[in-house]
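Protein sequence lines, in the order shown, are assigned to chains L, P, C, G and S. For the first sequence, our numbering gives the first residue as 281, with consecutive numbering after it. For the second sequence, our numbering gives the first residue as 281, with consecutive numbering after it. For the third sequence, our numbering gives the first residue as 281, with consecutive numbering after it. For the fourth sequence, our numbering gives the first residue as 281, with consecutive numbering after it. For the fifth sequence, our numbering gives the first residue as 281, with consecutive numbering after it.
I should point out that these hints are in silico values taken from the structure, not numbers from a laboratory. Source: prediction; values computed, not measured. It is possible that some hints are incorrect.
When chains are identical, the list treats them as one kind, so a pair holds in a single copy or across two.
[Said to hold, decoys possible] As a list, the in silico DSSO-like pairs of lysine-lysine whose alpha-carbon atoms are at most 30 Å apart:
no.: 1; residue 1: Lys429; residue 2: Lys310
no.: 2; residue 1: Lys460; residue 2: Lys479
no.: 3; residue 1: Lys479; residue 2: Lys429
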Amino acid sequence: MTVTYSRRVADAGLGGFFHLLLRWRGSIYKLLYRELLIFTMLYCMLSIMYRFVLNGEQKRLFEKMAIYCDRYAELIPVSFVLGFYVTLVVSRWWGQFESVPWPDRLSALVGGHVRGGDEAARLIRRTLMRYVNLSGVLIYRSISTAVYKRFPTMEHLVQAGLMTAEELRQLEALPSSHNKFWVPCMWFELNSLRSQCMKLYSYDWISLPLVYTQVVTVAVYSFFLACLIGRQFLDPAQGYPGHDLDFYLPIFTLLQFFFYVGWLKVAEQLINPFGEDDDDFETNWLVDRNLQVSLLSVGEMYDSVPVMERDKYWN
Amino acid sequence: MTVTYSRRVADAGLGGFFHLLLRWRGSIYKLLYRELLIFTMLYCMLSIMYRFVLNGEQKRLFEKMAIYCDRYAELIPVSFVLGFYVTLVVSRWWGQFESVPWPDRLSALVGGHVRGGDEAARLIRRTLMRYVNLSGVLIYRSISTAVYKRFPTMEHLVQAGLMTAEELRQLEALPSSHNKFWVPCMWFELNSLRSQCMKLYSYDWISLPLVYTQVVTVAVYSFFLACLIGRQFLDPAQGYPGHDLDFYLPIFTLLQFFFYVGWLKVAEQLINPFGEDDDDFETNWLVDRNLQVSLLSVGEMYDSVPVMERDKYWN
Amino acid sequence: MTVTYSRRVADAGLGGFFHLLLRWRGSIYKLLYRELLIFTMLYCMLSIMYRFVLNGEQKRLFEKMAIYCDRYAELIPVSFVLGFYVTLVVSRWWGQFESVPWPDRLSALVGGHVRGGDEAARLIRRTLMRYVNLSGVLIYRSISTAVYKRFPTMEHLVQAGLMTAEELRQLEALPSSHNKFWVPCMWFELNSLRSQCMKLYSYDWISLPLVYTQVVTVAVYSFFLACLIGRQFLDPAQGYPGHDLDFYLPIFTLLQFFFYVGWLKVAEQLINPFGEDDDDFETNWLVDRNLQVSLLSVGEMYDSVPVMERDKYWN
Amino acid sequence: MTVTYSRRVADAGLGGFFHLLLRWRGSIYKLLYRELLIFTMLYCMLSIMYRFVLNGEQKRLFEKMAIYCDRYAELIPVSFVLGFYVTLVVSRWWGQFESVPWPDRLSALVGGHVRGGDEAARLIRRTLMRYVNLSGVLIYRSISTAVYKRFPTMEHLVQAGLMTAEELRQLEALPSSHNKFWVPCMWFELNSLRSQCMKLYSYDWISLPLVYTQVVTVAVYSFFLACLIGRQFLDPAQGYPGHDLDFYLPIFTLLQFFFYVGWLKVAEQLINPFGEDDDDFETNWLVDRNLQVSLLSVGEMYDSVPVMERDKYWN
Amino acid sequence: MTVTYSRRVADAGLGGFFHLLLRWRGSIYKLLYRELLIFTMLYCMLSIMYRFVLNGEQKRLFEKMAIYCDRYAELIPVSFVLGFYVTLVVSRWWGQFESVPWPDRLSALVGGHVRGGDEAARLIRRTLMRYVNLSGVLIYRSISTAVYKRFPTMEHLVQAGLMTAEELRQLEALPSSHNKFWVPCMWFELNSLRSQCMKLYSYDWISLPLVYTQVVTVAVYSFFLACLIGRQFLDPAQGYPGHDLDFYLPIFTLLQFFFYVGWLKVAEQLINPFGEDDDDFETNWLVDRNLQVSLLSVGEMYDSVPVMERDKYWN
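In isolation and in its complexed conformation, chain L is listed as follows (with noise of 0.2 Å):
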C-alpha cells in the first residue's frame, strides 16, 4: 500500500514538508518505535547499573570506557556510508518500479489489430489480454509476497479466471524446472511485456552484494554499541568535560537514532518493493486494475468511439 502524499506537498508554503511528520501509515515512527524503545530499555539498564549496583573502583573503569567508545564512535563514517548506499538502494527502487509491466499498449493494439465484432473475434481479444495479466501475474507470485499469499498455488489463479485449467494443465507439462512466467508470452509472442518481466526477475534474482548491506548494517548497528556506553551519563563529580548536566535520557542520541536508523529503515523499505510494507508497490491492485482495464479496453470499448462533431473553435 504506497504512501502518496504528493498532494500534501504540491506548494512549498509555510512549514511545508513539517506536515508530513505528523503522519503514522508509512512514516518513521511506525518503523522505527520497537528499535528506539530496545535502544532506550538497553540505555537505561546500563545507567542504572552504573548509578546503583557499580562499585566505586567499576565505576572508574566504567568511566574510561565510556569516553573510550564515545572517542572512538566518532571514527564510523555512517552517515558517509548511508548516503552512498541509501542513493543505490532508491535508484534499484526506481529501476523496479520502470519495470513493472502494463498491459495498457497491448490492449490498444489487440483491439486495433484483432478485428470483427463476432464471438470469435471477441474470444480471441479477451484471450491474449489474459494472457498478459497472466504473465504479469506469474512474475509476481515469484518476487512479490503480497502476490504469492494471494495466489499460494496454480489452482488459485484458475479460480480467479486468471487461468484456464487446460492452460495450467499444458504450463505443468512443460519440461523445465525454471521459472516459468514467459510461457504465457510465447502464446502470444509478446517480446515486450516478457522483457520488462525478465527485468523484474532479474532484480530479484540480482540482489545488491550482501556484503555491502552487511557492511552498512555493521556501521550503524557498530555505533549505536558504542553510544550505548560512549554517551552514559557520568558522574558530574569526576569532572569530566561534557559531563556536567544529567538528562537521563541522552536526547541528542536519541535523535541520532532516530536519524540514521531512519535513514537505514529507507534502504530496508526500498530494496525489496514487492513487500508488504506501507510503502510498497500495491501489487495486488496492479493485478485488479490491469485485468479490469485490459478487459475492458478489448471487450466493451472495442470501437465504440464517439460520434465525431464540430469542436467549439471551429471556426
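Could you slot chains P, C, G and S onto chain L? The hints should help.
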C-alpha cells in the same frame, strides 16, 4: 509560473549569480521569510527569558544546556543528508518534466496522414488532436492543483471545448473506478502519448518514500531546535569560550538557517512540480498552448506550404 | 567560443594538468581577477582601519568579532553544496549539448530519397535542407545571445539566405503568440529535429530552480564576507593563537577564494551554455557549418560517388 | 553463485537488515576473516614487542611513533575515496548484468517466423537457437572463469552439444586472430545479440583504470598500516591522553577494519562479476537455462497453444 | 595500450586488490614517480636550509610559517573536489568508449543484403565495408594522437589500403573547410555510424570546462605547496606539539601525495582516452581489427554457413 532566468546568466561576468540575489519572485526570501521570522522570535523569547527572567541558579542550568545543545548540534549531518536527498528530488523533478506530453509530433503526423481538404477530413484531424489534448488535461486534472482548480468538474472540460458532451457521457458510462485518462487514447490508439501520461501518473502515485522525507525534515528541524538553545549568547562573566561578544541576534546561525532551510525548500518546491509554487510547471499555460498549436497545425496550416524558390546560394 | 584542450591532455605526462594553468582564454584568472581584486581591496581597507584607525578598545572589539567570524565561517558547508550543485549543472550542460540539432542525418536521407538530377529535384532537396537549418536558427535566436545579436530581426534571416521573404510572410501570418521555431518542421514533417529543438527550448524555459542557485550563492558569498573580518591578522601582542605571523595578505584565504569562487564560476559558465562566455557553445559557427554541410550534401555531392575499384587486400 | 536475499528483506520489520548479519555464504565474514586474522596477529606481535621486548628508551620512541601515526592516519580520506569508487564499480556491475544476452526474445521470433512442423523446419529452428546459445557461451568462455573451467577447450563445446564438429572446423578455419564470439551471429545475422556480447567483451577489455584501483587500495592499506602502530595501547604511566584503558585488542580499530576493508571487498567482488565469488553471476547456470529454454521454445512448444475458451468474466 | 586486469580480480580472495599494487605498466608508480621525486627534492632542500642555513631568528620565523601553512592546508577540500571531478571525468570516459564505432553490425547487414557471389557483388560489399572503416579512421586521425602519428597524411591512408587515390581526390575536391569524416558515410548512407563518429568529434570538441580542471589542479598543487613548508620537521627544542619525532622524510605527507596526486592522475589519464597513455584506448589496434573483421565478414565468410545437422538433444 516557472521562474526563468537563463538570459540573466548567459554570461559569467563580474558578480555573475550575484544579480540573482536581488529577485523576489521564486526567491529564497519569499519562501523563507516566515520560517525565519518564527525562528528569530523564538530565539529572542529564549534570550529574553535567560537574560531577565531566570535567577542565578537557573541561568547556570540554562548555560549548561546551551553548551550541551551546541556541542551535539554539530553531530547532526544536515548538509550530508540534504545533499543526497536534494540530488534525488532534482532528478525526479527533471524526470517529471521529461514526461510532460507534447502534442507537436502527433499534429505533424495527423496533418501528414489524414489527407483531404474537405470538411470530413478536417473534422477527423481536429477531433484527433482534441483527443490528444484531452488526454493530457485529464492527467493534469489528477496531478496538478492549478489545472484542477481551473476545471473542477468534467463539465468544465466540455465548456472549455476540450471534449463534447457525448464524449463525456461515454467516458462516464465506462464501468471502471480507476483513473480514466487513457480513454481518449483508446479512441485514437495513441500509445506513446499514453505512456507519457502514465509516467506522470506514476510519479504522482509513487512518491518518494515518506520515511526519507521525514528523516531529512527531522534532521533539519532538530538541528535548529538545538540551535535555538545552543546558540544563545551566554553571560561573558561566566567565561565560557566563544561567548565574549554579544550580537543580540546570532548572525551566523541565521545564515545557517537561511542556507539549510533554503536547501530543504528546494526539495519542497521540486518534489511536486505540478503545484502552484512560483517555480512549478505552468500546466495551465501548457494546456492553452498545446490546444492552440495543435488545432492550428492541422487546421489553418494544413497543406499550406510556402512556394519553393531558389535559395541565395543556388550557384 | 568553446575552449578545446583535449590535445593538450592527451598524455598524462610530467606536470599533466599543470600546463593548463598557464592559459588565459577561458581560464579561471580571466573569470575571477575582478572579484579577487574587489575582495583584496575590501580586505586591505579593513586591515588598514584595524591597524591605523581604531583605538585600543575598538581594536579589542574588532578582534573578538574576527575570532567569532573565523569560528563560524567554518560552519558553512561551502564545498558540500558546491559539489552537489556543480555536478547538477554539469549534467544539464551536457544534456543541452546533446540536444543541439545536427542536420547531417537528414541531409543523407534527403539525398537518398529525393531522387533526380534535374532542377526541380535539386530545388526540393535544397529547400528541405534549408528548412532544417532554419528551424535550428529559429530556436537559437530565442536561446543564444550570440545568434540573437547576429540576427536581431527575422529580416536578417531572409538576408542571410536562411529563409525566403515568402516564408517569412507565412510564418508571421500564423495567428499564434507562442514560439514558432517548429513551423518549418511542419513544412517538412521533421519530427526528430523538432524534438531536439523542443528540448533546447525546455532547457531554456525550465531553469534550475532559482532557490537552489541562490542557496549556493548565499553560501559562497557569506563565507567570504565572514572571511573578510575573520581572517584579518590580529595584533600578536594580544596572544591570540594562530596570529603570530603577519603576512599582510591572507594567502590561504585568497587561495580559498580562488578555489571556491572558481568552482562557482564553473556553474555560472555552464548554467547557460548559449551565451558568449569563452567556454560557451559556438552557436554561430554551428549555424554556418550546418548550412554549408547540408547544402553541400544534397547539392554538389548528390550522387557523386567514387568509382569502385578493388581494394589492396583483394586476394 | 549469486546470493539472493530479496525475500528476506521484503518487509522492513523489527531488526530488518539485522538478520542478514547471521549469514555465512557471500558474507563479509567469509570474505574478510583471513585479512582480519593477519591484521590482528601483526597488531599483537607489535603489542608484545612493545610491552616485553623494548627497553625504556625504545618504548619512548615507539610511543612517539604511535602518536604520530595515529594523528596522520586521520588525514587519509578513506571513506571519501571508497564512497566514490564503490559507486562507480556498482554502476559498472549493473551495466554488465544488463549486457548479459538472453535468448528468449529470439526464440519467440524464431518460433513465429520459421514456420512448419516437418523435420526440416524443426532443424532450422533448433540450429538457429543453438547458434544464439553458442555465441553466448563463446563470449562467456573468454570472460568468465567458471565457464572457462567447464569448457577448457572448444572440443568441450562440441561434446556438450553446443556446436557440431563441422561448425568448430569452420570456426577454426577462419583466418583471424581476434576473438571469434561473433561468428555464429554471422551465420544467422543476430545483430542485437551480437551487440550484447560486444558490450560484455568491452567491459572485460576496458577495465577501470588501474591507477584508480591502486589509489583506493593504497589509501585503505596505508590507513591500516598506520593504525597497526598508531592504535597500540601505550603505557598509561606516561599519561598520554586516551591511553588509560587497556583492551589488549583495539576493538574499534577492528570494527573500522571490518568496515573499510569490507567496503573495499564490495568493490573486489563486483569489479569482475564473472568470476567464482559467492556473489558473482552464475554463468554456468545461465548456459544451461538458456539452452534448455530456447530448445524447448522452438521444439516441444512450437505451435502448441492452449485451446481458447471463454474466460470467467465473459458476461 | 589499455591495461586489462579483469582476470586478476575475478575472485575476491585473500589480498584481492593487493596483487594489483605490484604492477608497473599503467600503474600509479609509473605515472607519479617523477612528481614524487620533485616533491621530495624540494622538501629536502627546504629541510636542509632550515636545519643548516638559517640562523636562530630566521628559524623562529620559518617555524611560524610552517605552523601557519600546516593549519591552513587543512582548509583546502582536496578530497571533496577530486571526488566530484573524477566521477565526472570517468563518466565522460565511458561515454567516449561507448561512442567508439564498430563495423560489426554493418558487415552483417552488408553480407545479408548485397547478395551475389560474383565479383561485382563482392566489389560492392568490400567497398562498402571499406567506407565504414575509412570513416572511423578519419575521425580517429582528428582525435587520436596515436592514429595521427600512424597516418600523418591522407596519402598514408591510400597506402594502407583504406581508401583509393580516386576517393582521396574526391574528398579533397570537396569545397568545405570543416572536418570531412562524414563524407564516406554519404557515399553509403551510414547514419548510425555517422552519429557515433559525430559523438566522438563532440567529446573532442567540447572539453570539460577549462575552469573546472584548473580549479581542481590549483587545489591539489596549492595543497602540496603548503605541505612543503607546513610539514617540515621543526626543532623539538621549541616544543611545538607533534614535532617530537624526526623522520627526515614526512612519510604520511608522501602517502597523501601519492594518494591525492594519484587521484588527479586518474583524471589526467581519462580526460582524453585517445592519447598514448598506458591506459588509453588502443585506437590503432581497433583500426586493424575492424578492417580485418569487416573484410573477412563480407568476403571469405560470405554465405559460408555450416551444414545443419541434428543437435545432441534432438530427442
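- prompt: Taking each numbered hint in turn, which are not upheld by the structure, reported in ascending numerical order?
  reply: none
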